[in-house]
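Student: Please build the complex by placing chain B on the supplied structure of chain A, with the hints as guidance.
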Amino acid sequence: MIILSPWLLTEEGKYEFRQGKDAWKEAAQIAARCPHFQPDEEEEQVADENCSCYNCRYRRWTQESFLCLKL
Amino acid sequence: MKILVAIDDTDNIDSRGTGELADLLSKYLQETGWGKGGAVTRHQLLVHPDIPYTSHNSSMCFVAEIDASYLAAYIEYAGHFLEKERAEGSDPGLCVAAIEQVNFPDELIDFGYRAKQVVLTKSNAYKLAKKLDIHLSEHGGSGQGVIGALAGVALRLTANDGRFRGKLKVKSRDDLLSVGEIKKQTPVTVVKSLDDMLVLDDDSIILMGEKLKAVLLEGQCTLLVVPTGMNDPKWQSCTTSQLRKF
Chain A
1 MIILSPWLLT EEGKYEFRQG KDAWKEAAQI AARCPHFQPD EEEEQVADEN
51 CSCYNCRYRR WTQESFLCLK L
Chain B
1001 MKILVAIDDT DNIDSRGTGE LADLLSKYLQ ETGWGKGGAV TRHQLLVHPD
1051 IPYTSHNSSM CFVAEIDASY LAAYIEYAGH FLEKERAEGS DPGLCVAAIE
1101 QVNFPDELID FGYRAKQVVL TKSNAYKLAK KLDIHLSEHG GSGQGVIGAL
1151 AGVALRLTAN DGRFRGKLKV KSRDDLLSVG EIKKQTPVTV VKSLDDMLVL
1201 DDDSIILMGE KLKAVLLEGQ CTLLVVPTGM NDPKWQSCTT SQLRKF
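Chains as they are written, first to last, in the working numbering: chain A, 1 to 71; chain B, 1001 to 1246.
If we strip away everything but chain B, and leave its shape as in the complex, we get:
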């Protein structure tokens, strides 16, 4: 079965980040042979004085394949993992949802978008998780991270939110690569222009920057590019600052 796993509020300013813990939880599935975890995405939530967060208020989520018989054990492991690894002063939350079994996915997605715009409460999160039959649990501190964890699953479910954790690694001569070669060397499945979301064909040549990041758009691991202003190469990868809004 395919599941979404999200965690939030596990860190403090001196500890390792929530993204690293999400990555470890994803890898654990392979290590145990219970399934296969996918790449972690980062989802921006509302920044507001009434919301306690470390420095950025983002949630981390990944998709995983798991043998259904291991799901309960995996959720138990993930909860203990957060209790053990959470930083002092953090308020971790864990959300796990079986994608095909989510009741009323529109309500879940609405929660995710609202978490970007308004201040939500733990009660809001628990009520919705119960209605939708989604696992939601807190693992220390105030447990406030359940809001971001549920929102992380919701935003990942939109298939149109967030940046993938980590930089893409490519080998190229003169920093030039065709779209086809980018797809071969990385998890990227489509290359699009930032301005008008035009899909580039496999023969298009891209000038690759230093920091290559992919975003989640229409369910695809997407590399965004902008015009170089030249005829050849016509496109270059987006810079970090150009991807801030994702």
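Chain A on its own, in the form it takes in the complex:
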């Protein structure tokens, strides 16, 4: 079985979430294991799960997905 990393390395050397903006389950699973997760301000949260990369203050939204600023 081949397990793909959830991250794509961009040309700028940043890590972008491979699965876009609607992978709610995966974003929650990754955040649950992440030592850097910090919830963003309430008004910037978009996921139903409290602990999700989509709700993290260290994600930076891109047109297709987000960059993790802690990787």
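Calculated from the structure, these hints are not laboratory results. Treat the hints loosely; a few may be bogus.
Pairwise CB distance ranges, derived in the manner of DEER restraints [claimed, not checked]:
1) R1114/B / L4/A: 33 to 43 Å
2) R18/A / K1167/B: 47 to 57 Å
3) K25/A / Q1185/B: 32 to 42 Å
Cβ coordinates follow ideal geometry from the N, Cα and C atoms, glycine included.
Tutor: Okay, now just chain B, sitting in the frame of chain A:
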């Protein structure tokens, strides 16, 4: 007089958010007796590699009533406040517009919608603010936040954009509340279905979720609901993810 106040680009990833600063600016009016600030709304702008933003590129805006004689002093205070409270590396902008005195409101609204779709410049923002006689100022860094601040005022002026900051707090038994009771307990003025924007009557019963958020639609503080798939209760409040597009 009624004014719109918007700020943008005041934070960095470790600081408190722009929404909190907007809330403090809104509350300041009551504290001084100069007027009364309203609830803050968050407006999503374009996410694009050519736009510098912290993590989400959103602007914060509120409506306020102010005694006209205090307007100049309030604008001065707000500018100093941003200079004092801005996070390192941020580029704050402040926009204040007297709603009834905005010349060419259609042009302003067009700017707001364009800020969601294309990359705009400070020059674009300053030119329009000057033409429309709207206060626009920068308060540190590159001042790039003037674009989002002007767009925030514009989008709030549409009366059809953005989510209200904060969660609604309600008291209910078994998480069930009538629309009438929701209106009594919260700033919500209308409850609508997400799919077809049907207005629910005051007797409709809503199953209330954990995180209750209101959006700005047709000038109203609106709670959106979706069908439960059951007959009773027939409706439940939208989840956070269902409100992402607002």
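Student: Identify every previously stated hint that the structure contradicts and give their numbers, smallest first.
Tutor: 2
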